[in-house]
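If you're matching positions, the sequence shown starts at 77 in the numbering used here and goes up one per residue.
Treat the hints as calculated values from the structure; they're not laboratory data. None of these values were measured; they are calculated from a predicted model. Don't be surprised by glycine CBs; every beta carbon is placed ideally from N, CA and C. Mixed in with the good hints, there may be bad ones.
[Unchecked claim] Using C-beta positions, here's what the derived DEER-type ranges look like: (1) Tyr82 / His150: 37 to 43 Å; (2) Arg80 / Glu123: 36 to 42 Å; (3) Asn183 / Leu92: 55 to 61 Å; (4) Arg112 / Gly180: 20 to 26 Å; (5) His150 / Leu101: 28 to 34 Å; (6) Gln201 / Glu78: 44 to 50 Å; (7) Gly87 / Gln159: 47 to 53 Å; (8) Gln175 / Leu134: 47 to 53 Å; (9) Arg115 / Gln155: 20 to 26 Å; (10) Glu154 / Lys79: 49 to 55 Å.
[As the list claims (entries may be wrong)] Heads up, simulated DSBU-like pairs for lysine-lysine below, C-alpha to C-alpha not over 35 Å straight-line: (11) Lys119 / Lys108; (12) Lys171 / Lys161; (13) Lys119 / Lys105; (14) Lys161 / Lys119; (15) Lys161 / Lys108.
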Amino acid sequence: MEKRIYNEQTGIGYILQGDYYLPDLELPKVDKPIGRYGRMREKYLREHDTVTYNVMLLNGELFTHLADMDEQAHERMEQLIRQMKEAEEVTEEMKVRDQLAWVGAMNNIRARAEEVVLQVLVYAQ
77 MEKRIYNEQT GIGYILQGDY YLPDLELPKV DKPIGRYGRM REKYLREHDT
127 VTYNVMLLNG ELFTHLADMD EQAHERMEQL IRQMKEAEEV TEEMKVRDQL
177 AWVGAMNNIR ARAEEVVLQV LVYAQ
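Using the sequences provided together with the hints, build the complete structure.
Dropping the structure here:
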């Protein structure tokens, strides 16, 4: 028996493992890191939208989607933080003048921005 065979009709190669031919399938390589928000999105899809999760996984789109989601979430976080800082007048001058107030304001801004990103991007259908 041949070690490897190729089916012209399906375009899939097979490898002999014991007495059986198993499909020679590989997931696409993703160079971008998945990151925190990507892992959160994966968990959400796996637990709450299993059909989408399985379709994306079988089509080889899942890891690309997760990497893109992580990148979008980071960009949106930066944008929201910048906008909130301007709206609430949290400046470097405030940082020099009253560090504790600045840290409190920045923590508050970051928490609100992350909540928006989670609801709009990560946990959205």
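Status of each hint after checking the structure:
1. Tyr82 / His150: 37 to 43 Å: holds (42 Å)
2. Arg80 / Glu123: 36 to 42 Å: holds (38 Å)
3. Asn183 / Leu92: 55 to 61 Å: The hint (55 to 61 Å, Cβ to Cβ) holds, given that Asn183 and Leu92 are roughly 59 Å apart.
4. Arg112 / Gly180: 20 to 26 Å: Once the Cβ atoms are compared, 23 Å apart, the range 20 to 26 Å for Gly180 and Arg112 holds.
5. His150 / Leu101: 28 to 34 Å: Given range 28 to 34 Å: holds, Cβ gap about 31 Å.
6. Gln201 / Glu78: 44 to 50 Å: holds (46 Å)
7. Gly87 / Gln159: 47 to 53 Å: holds (49 Å)
8. Gln175 / Leu134: 47 to 53 Å: holds (52 Å)
9. Arg115 / Gln155: 20 to 26 Å: Given range 20 to 26 Å: holds, Cβ gap about 22 Å.
10. Glu154 / Lys79: 49 to 55 Å: holds (51 Å)
11. Lys119 / Lys108: holds (18 Å)
12. Lys171 / Lys161: Distance of about 12 Å is within 35 Å: holds.
13. Lys119 / Lys105: holds (20 Å)
14. Lys161 / Lys119: holds (31 Å)
15. Lys161 / Lys108: holds (29 Å)
Checked against the numbered hints given earlier, the structure satisfies every one of them.
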